[in-house]
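**Q** Could you put the whole structure together from the sequences, leaning on the hints where they help?
One letter stands for each residue in the lines below.
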Amino acid sequence: MGMAVAHAQASGMGGMRTAGDLVARLQLSKKMRIGEAKKYVADKLGVSVVELSDPIIMSEVRADNGFGIMMPLGKVPKGLECKFNIARKLDLDINCLNRFKARAGLA
Amino acid sequence: MSDIFELAAKSVLEQDADLAMEQVKKHLDSGESPMILMEQGFIPGINKVGELFSAGKLFLPELMMAADVMSQASEKLMGALPPGSKSENADIIITAATVKGDIHDIGKGIGIAMFRANGFTVYDMGRDRANEDIIDDAVKHNSNFIATSALLTTTLGEQKQLEEMLKKAGLKGKIKTMVAGAPVTPRWASRIGADIYAENAHEGVVGIKKAMAAA
Amino acid sequence: MSNIVTRMGDGSMLEMSEKELREDIEAGIEEAVDKGGVPPLTQDEIEYLVELFKRKERIVGVEMGNEVILTYDAATLKIKRHSLFEDRVNSLAIYERLLGADTTELCHVDYSYKMLKPIVSYEAGTLEQALSVTHAPMFYGAMPNLGLYTQPDGPFPNPMELLPQGKIKEGRAAYDEMVASAVEDIVFIAETMWEAGADGINLDTVGASGDPDFKASLLAVEKLTAKYPEMAIEMGMAGEFVLGMHGEMYHDDQRLAGLYPTEQLKLAEKAGVAIFGPVVNTNNTESTPWNLARTIALIKPCSEAATIPVHANMGMGVGAVPVTDYPPVDIVSRVSKAMVELCRLDGL
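Residue numbers (the numbering used here), protein chains in the order written: chain A, 24 to 130; chain B, 298 to 512; chain C, 235 to 582.
Hints are supplied without guarantee of correctness; some may be wrong.
[Unchecked claim] Mimicking PhoX-like on lysine-lysine, the simulated pairs with C-alpha atoms at most 25 Å apart in a straight line are:
{"#": "1", "chain 1": "B", "residue 1": "LYS354", "chain 2": "C", "residue 2": "LYS269"}
{"#": "2", "chain 1": "C", "residue 1": "LYS401", "chain 2": "B", "residue 2": "LYS373"}
{"#": "3", "chain 1": "C", "residue 1": "LYS401", "chain 2": "A", "residue 2": "LYS53"}
{"#": "4", "chain 1": "B", "residue 1": "LYS354", "chain 2": "C", "residue 2": "LYS403"}
{"#": "5", "chain 1": "B", "residue 1": "LYS307", "chain 2": "C", "residue 2": "LYS269"}
{"#": "6", "chain 1": "C", "residue 1": "LYS504", "chain 2": "A", "residue 2": "LYS53"}
{"#": "7", "chain 1": "C", "residue 1": "LYS504", "chain 2": "A", "residue 2": "LYS54"}
{"#": "8", "chain 1": "C", "residue 1": "LYS457", "chain 2": "A", "residue 2": "LYS54"}
{"#": "9", "chain 1": "A", "residue 1": "LYS124", "chain 2": "C", "residue 2": "LYS500"}
{"#": "10", "chain 1": "A", "residue 1": "LYS54", "chain 2": "C", "residue 2": "LYS269"}
{"#": "11", "chain 1": "C", "residue 1": "LYS500", "chain 2": "B", "residue 2": "LYS307"}
{"#": "12", "chain 1": "C", "residue 1": "LYS457", "chain 2": "B", "residue 2": "LYS354"}
[To be verified] Under 7 Å between C-beta atoms, here's a sample of chain A residues computed to sit facing chain C:
{"#": "13", "residue": "GLY35"}
{"#": "14", "residue": "GLY38"}
{"#": "15", "residue": "ALA47"}
{"#": "16", "residue": "ALA130"}
Source of the hints: derived by calculation from the structure; they are not laboratory data.
All residues carry an ideal CB built from backbone N, CA and C; glycine is no exception.
**A** Structure representation (structure tokens):
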């Protein structure tokens, strides 16, 4: 675990503290390389590429868009609710949402 | 003569048993010591095989076939030694095993192939073997070495326990130990008191020869 | 004067002079060029590494804006390894909400596709629960682990017993059968977990059992992406070259044994892999500067040749990270920064 923390501090985007999880989605779903994936997310969110890794800016962007935050107390979107917001804003297909909609009779 | 040495090395590299036996016959007919052909022809050949294998330029079936060619040549040459005389490596006896709780045996298999190719006698105990059984086997066969492999950080401790058990049994020093495996380091070998650290099969051969020379 | 403090490949401390540092970096590059047939690093890249190791700070990092994605292989297993018996769904939430992981991975402690067959329905249920309460993209992962298909653990004769007896043909036939069986297992598990909603499937430590392991993985990826073109598959390798256990196994007319990262990547890309994880093993008897220079020389051409994201493996004992359970932050942060910046990686 110590190693993961060291990598995260040295070179990681920061996950839900920033936009790491959002950029990662582009790598998985569209096989985008890092530069392209960051630009895609930055353009959709109206921030700069550097701001994508800034926890101050991104925590506000995440809260405003309901993408999920590190300390999700009451009355904020969580889990699947956030994924719906992410899919809509980033214009992405998220596998588990499609399964959820089919099972819930929403598809 | 240098042609014979080169061809002997080539026969191992190309896994050509017929070519190897031709060189053995020519050499024995010349009346030279059988050991010279081993030392200057076949052993450099199998060492090159080991290097190529470590670099991903030659593969396991070829390594095994090369070891077999080496073994055939060695048997014929050793058989030609005068009665009472011994080959350089005839006294090297090794008990080898993957430690208890560990089922990884690819590295051990490669190591054993190289040991045998160098004329060592190897008793392969397989994988997932308890230290008690490994020591019993080494005593039974009068082994000079116990070589163990551990591929997991969770099974490394078995190598340390082996050292402690050998000390308790009064066998430490009489039976030398060699440790190998992905998480094994020279630092680990030194900490537990193992005699030889081997990063790969080729280093294992070199380590065992050095330990024998120092004994 | 020996005033540069760095470490050996086993993590132990080491002092060197600048001259020794340069010699180690150059020797590491030379080894990569010699073994992997890759171009040497440029003088600028060598100077970058010299300056990196001369720095006195305990922690270093990439320039702001150059951060990359961190994927955490076998995440739930790593929590359990510390004797923390946390529920796996919670473990994944810990990764994303305490550690800031960019992606997560659900896995079983028995981390092999073959072992998952009897419990796959339970795994799918756990995955569905985890997906509903987490946010980051989630992989389901395991190893192809062809070693489990041979006797005494599996049904097929053990080539490690056949080959030493000179039964090369029989040994190779056993490998062929193992490949077919492993493909069925990988496809079965991956399909089930994809249909449960996984964001991606991870084939981890591919090639651990040599060329048959790589072959089975490539065939499985082809089958899976033919059926589910949108399936994201990550393929992480086991070693810097594919060990030739069979030796004559081909894929797309390419002999698999002995392939180094760039050639591995090309086959993975063609098969349909979404993220490729090259590996260079750390040599614990050499210094970190030697290991890092060698690793960069081997992985940089792979990253340059890629059209898909490349996430170099940088866990314990690979990617110039020392072979120790307690990798020191001074070294991990240096190798992390250099690998990202010089290899232009997309992630780790």
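**Q** If a hint holds in the structure, say so; if it does not, say that too.
**A** Hints versus structure:
Our distance criterion of 25 Å between C-alpha atoms is met by LYS354/B and LYS269/C, whose separation comes to about 9 Å. Distance hint between LYS401/C and LYS373/B is fulfilled; the C-alpha atoms sit about 22 Å from each other, no more than 25 Å. A hinted pair counts as satisfied when its Cα atoms are at most 25 Å apart, and LYS401/C with LYS53/A does not qualify at roughly 46 Å. A threshold of 25 Å between alpha carbons decides the hint, and for LYS354/B with LYS403/C the separation of about 20 Å falls inside it, so the pair holds.
For the hint linking LYS307/B to LYS269/C, the alpha-carbon distance of about 21 Å falls within 25 Å, and the restraint holds. Between LYS504/C and LYS53/A, the direct Cα distance comes to roughly 15 Å. Compliance with the 25 Å bound is thereby established for this hinted pair. A hinted pair counts as satisfied when its Cα atoms are at most 25 Å apart, and LYS504/C with LYS54/A qualifies at roughly 13 Å. The hinted pair formed by LYS457/C and LYS54/A meets the criterion: a straight-line CA distance of about 18 Å does not exceed 25 Å.
A hinted pair counts as satisfied when its Cα atoms are at most 25 Å apart, and LYS124/A with LYS500/C does not qualify at roughly 37 Å. Distance hint between LYS54/A and LYS269/C is unfulfilled; the C-alpha atoms sit about 30 Å from each other, more than 25 Å. Taking the CA atoms of LYS500/C and LYS307/B, the gap is about 34 Å. The hint is violated against a cut of 25 Å. Of the supplied pair hints, the one linking LYS457/C and LYS354/B is violated, its CA atoms being roughly 30 Å apart against a limit of 25 Å.
Of the supplied interface hints, the one on GLY35/A holds, with its beta-carbon coming within about 4 Å of a beta-carbon of chain C, less than 7 Å. Among the interface hints, the one on GLY38/A holds; its C-beta lies about 4 Å from the nearest C-beta in chain C, closer than the 7 Å criterion. The beta carbon of ALA47/A is positioned within 7 Å of a beta carbon in chain C (closest approach about 4 Å), and the interface hint is therefore held. The beta carbon of ALA130/A comes no nearer than 13 Å to any beta carbon in chain C, farther than 7 Å, and the hint placing it at the interface is violated.
Hint compliance for this structure: hints 3, 9, 10, 11, 12 and 16 are not met, and every other hint is.
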